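Here the protein sequences line up with chains A and B, keeping their order.
Going left to right, the first sequence walks through residues 1 to 290 as this note's numbering numbers them.
Going left to right, the second sequence walks through residues 1 to 178 as this note's numbering numbers them.
Hints listed in this document are in silico derivations from the structure and should not be mistaken for laboratory results.
The structure presented is a predicted model; accordingly, all values stated were derived computationally and were not measured.
For every residue, glycine included, the Cβ atom is placed at its ideal position computed from N, Cα and C.
Check before you lean on any hint, since a few could be wrong.
What the hints assert, rightly or not - Just some of the chain B residues that point at chain A, by a computed CB distance under 7 Å:
#: 1; residue: N21
#: 2; residue: S35
#: 3; residue: P38
#: 4; residue: T68
#: 5; residue: D72
#: 6; residue: V74
#: 7; residue: G75
#: 8; residue: V76
#: 9; residue: L80
#: 10; residue: S151
#: 11; residue: G152
To be verified - Once the Cα atoms are required to be at most 16 Å apart in a straight line, the calculated EDC-like pairs of lysine to aspartate or glutamate come out as:
#: 12; chain 1: A; residue 1: K50; chain 2: B; residue 2: D87
#: 13; chain 1: A; residue 1: K50; chain 2: B; residue 2: D72
#: 14; chain 1: B; residue 1: K173; chain 2: B; residue 2: E110
#: 15; chain 1: B; residue 1: K173; chain 2: B; residue 2: E114
#: 16; chain 1: A; residue 1: K50; chain 2: A; residue 2: E11
#: 17; chain 1: B; residue 1: K173; chain 2: B; residue 2: D107
Chain by chain, the residues run as shown.
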Amino acid sequence: MRYYRPTTTAEAVAALAGEAGTARVLVGGTDLLVALRHRTVEPSLLVDIKRVRDLRPPIDVESRAITFGPTVTMSAVAADPTVREWFPSLAEAALVVGSVAIRNRASLIANSANGSPAADTAPPLVALDASVTIASTSGERTVRLRDFFLGSRRTLCGPGEMVTSLRVPRPADGSSSCFLRMTRRRGVDLATVSVAAVVERDGRATAGLGAVGPVTLLGGPTGPVALWSEAEVENMVDELLSPATPIEDVRAGQTYRAAMLRVLARRAVLCAAGRRDAREPIRLTQEGDS
Amino acid sequence: MTTQDSRHSVRNAAVVPDELNEVECTVNGARARFSVPPHRTLMDALRYQLDLTGTKTCCAEGECGACTVLVDGVGVNSCLMLAAEADGSTITTVEGLGLDTPSGLSDLQESFLEAGAVQCGFCIPGQVVAAEYLLRGNPSPTVEEIREGMSGNLCRCAGYQRIVAAVQMTARKRSHHD
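Full structure from sequences and hints, please.
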């Protein structure tokens with residue numbers, strides 16, 4: 001294995017193309033170094049892109065969207081005031097990844113685009129209709145994150161390609177979002193179930209569902225719902241959860257996972273609904289509050 | 001190709017040395033220059049090439065925090081970072097925290113002793129560095145903030161109460177000095 005630190009995107013994608021399939025992009029390394037240690041990945045080349053000068057900046061706030069660059073860390077995402085205002089669900093997801101020391105290194109793009117069905121930041125980004133730009137020696141293409149995941153750890157980002165930016169459109173006025181996750185223990189654990197809900201001003205909802213299918217799933221969008229009606233909310237939750245196919249694994253049995261998914265989805269919808277038109281700064285949900 | 005030949009070529013392939021990467025960085029205020037194979041973690045380079053064995057190897061996969069160091073002032077798990085990535089950076093290990101004091105211990109390290117926060121001691125270097133990082137960003141943390149800020153540092157003696165007390169004690173000392 002060799003270590004290579006290019007200074008331009010062109011050099012980086014040329015290196016990836018030269019050893020397509022066996023070269024790996026290195027950003028935070030918080031997943032990759034564990035995989036290297038266990039030899040579950042054995043790359044021929046590590047392409048460390050942290051000193052590439054022509055990358056998108058970590059956080060670029062525009063009037064209609066925020067674009068994240070590949071080097072943005074979970075800590076930076078969770079601390080950014082515009083992210084917290086526009087995408088509270090994304091800030092909440094970034095805040096539960098690993099520990100402080102891991103969040104100081106872990107890359108948002110690498111977490112959300114690695115294709116793990118349990119990735120914490122993928123459900124909010126799918127619900128918020130984020131899109132990713134993928135670069136290779138033959139140019140760039142942009143795809144919606146909703147279409148990006150093909151299967152567990154399989155995505156549209158193929159050999160010789162890398163994700164160079166992640167764009168999240170500014171949510172419509174009067175909408176808000178919330179992310180909730182269940183783990184076996186607090187901190188440094190993978191999601192047993194996670195749900196991100198986006199609720200619009202008129203009561204329409206969209207959900208991103210984590211760890212309940214081979215990929216991060218999209219639920220909804222539903223039609224407008226009277227959120228004060230328990231029956232209507234239950235019907236909405238049914239609709240949002242219809243794509244879920246929870247299985248049994250080391251973290252939970254199938255029945256328990258399905259039951260907890262329902263609890264989390266209901267809470268996430270009501271939390272997001274309650275945040276709409278918040279006049280005070282939104283208090284982000286910490287794990288364990290719920 | 002005979003069996004003998006192919007075995008020979010396999011053996012040759014196995015002994016091709018890794019390409020070495022040059023690393024130049026500042027460690028605890030001093031310039032350091034060394035060469036590392038690409039897979040070497042910062043944790044291993046600190047311990048075995050620079051003899052800074054205060055940084056502990058425990059889980060080596062980011063679960064326990066025993067290897068926590070500051071890289072450019074940011075708390076990270078040195079087991080999850082390649083030594084090659086540290087080129088050009090400024091690193092502080094537990095050995096570097098008390099350099100300016102006569103005792104060689106920082107106020108935070110003294111507080112760990114005073115609070116009786118050290119049992120077997122193995123996790124303590126990581127705990128101390130994580131606490132230093134926390135206090136630099138948040139000089140008067142609540143108990144909840146201390147627990148959250150240090151949730152990546154495990155103590156198998158389960159001495160958490162006194163570790164939290166040591167961090168609170170340091171915060172009080174520092175606020176009186178200001």
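> Which numbered conditions among the earlier hints are violated in the structure presented, ordered from lowest to highest?
Replying inline: Per hint list: 2 and 5 violated.
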